[in-house]
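Undergrad: Going down the list, the sequences are from chains W and C.
According to this note's numbering, the first sequence is numbered sequentially starting from 615.
According to this note's numbering, the second sequence is numbered sequentially starting from 3.
You may find that some hints are simply not true.
[Said to hold, decoys possible] Calculated pairs, DSS-like style, for lysine-lysine (alpha carbon to alpha carbon, straight line, at most 30 Å):
1. C/67 - W/688
2. C/21 - W/653
3. C/45 - C/69
4. C/69 - W/656
5. W/656 - W/688
6. W/653 - C/45
7. C/69 - C/87
Quick caveat, the hints were computed from the structure, so don't treat them as lab data.
Nothing here was measured: the structure is a model prediction, and the numbers come from that model.
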Amino acid sequence: DIQMTQSPASLSASLGETVTIECLASEDIYSNLAWYQQKPGKSPQLLIYYANSLNDGVPSRFSGSGSGTQYSLKINSLQSEDVSIYFCQQNYDSPPTFGGGTKLELK
Amino acid sequence: EVKLVESGGGLVQPGRSLKLSCAASGFSFNDYWMGWVRQAPGKGLEWIGEINQDSSTINYTPSLKDKFTISRDNAQNTLYLQMSKLGSEDTAIYYCAREYSYFDYWGQGVMVTVSS
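Generate coordinates for the entire structure from the input sequences, incorporating the hints supplied.
TA: Here is the structure:
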C-alpha cells in the first residue's frame with residue numbers, strides 16, 4: 615500500500631495568516647491526490663482533486679500544488695470557518711490511502 | 003442536490019453481524035462507483051472498499067476482505083455494507099461516498115459501536 619505522511623499533525627495560526635499543509639507519498643502518485651476538509655462533527659468534504667483542481671464551491675483561498683511524491687495544501691488569509699482537520703488521499707493505486715490528518719486551530 | 007444517507011448503525015455485541023445501508027438521491031446512482039470509508043473515534047480515515055456500477059467489480063482493503071461485503075441495489079438507489087465477526091476494532095463512524103477516483107460526496111456517517 616502507498617503510505618501518505620502528512621505534516622504537521624497539528625497547526626495553530628492566526629486569522630488572516632497563510633498556512634501550508636504537506637503530504638508526502640511513499641512513491642510517485644502522479645498527481646492523483648485529493649484534499650479533504652472535515653469540520654468538527656461533520657463528514658469530510660472534497661476541497662482539491664488531481665493535486666491542484668479546486669472543487670466546486672470551494673473558496674479560492676484554498677489551493678493545492680505538488681507532483682511526484684510531495685504535495686501541499688495552502689490556505690491564504692485564514693478564516694475562522696477553516697478550523698478543521700485536513701486529510702490528503704492518494705487515488706493512484708488501490709487501496710486508496712489517506713494521510714493521518716492535520717488539525718488546524720486558531721491561535 | 004446529491005444526498006447520501008446512511009442507516010443501520012448502533013450497538014452490537016462482539017462476534018455479531020450488522021448491515022448498513024446508504025440511500026442515494028440527486029444523481030444517477032447506477033452511473034457511479036460507490037465506496038465505504040470508516041473513521042475510528044478520534045482517528046483518521048480508512049477505506050473499506052468499493053463497488054462499480056453493475057456490481058461486477060468489488061474491491062476491499064485486504065484486512066477487511068473476509069469480514070465485510072459490499073453490495074448495491076440500483077433499482078432502490080441503495081448501497082450496502084454487510085459486516086460480520088465484528089470486534090472492538092470495528093467501532094467507528096461509517097461513511098458511504100460517491101467515488102470518482104476521489105470521493106466527491108459523502109454521507110453524514112453512521113456510528114457502529116461494538117461492545118458487550
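Undergrad: Next, verify each hint and record whether it holds.
TA: Hints versus structure:
As the CA atoms of residue 67 of chain C and residue 688 of chain W are separated by approximately 36 Å, the hinted pair breaks the 30 Å bound. Taking the CA atoms of residue 21 of chain C and residue 653 of chain W, the gap is near 27 Å; set against the 30 Å cutoff, the hint holds. For the proposed pair residue 45 of chain C and residue 69 of chain C, the alpha carbon gap of about 21 Å is at most 30 Å, so the pair holds. Straight-line distance between C-alpha atoms of residue 69 of chain C and residue 656 of chain W comes to about 27 Å, which keeps the hinted pair within the 30 Å bound.
A C-alpha spacing of about 22 Å is found between residue 656 of chain W and residue 688 of chain W, which places the hinted pair at or below 30 Å, so the restraint holds. For a cut-off of 30 Å, the pair hint linking residue 653 of chain W to residue 45 of chain C stands: about 14 Å separates their Cα positions. Between the alpha carbons of residue 69 of chain C and residue 87 of chain C the distance comes to roughly 6 Å, so the proposed pair stays at or under 30 Å and holds.
Checked against the numbered hints given earlier, the structure breaks only hint 1 and satisfies all the rest.
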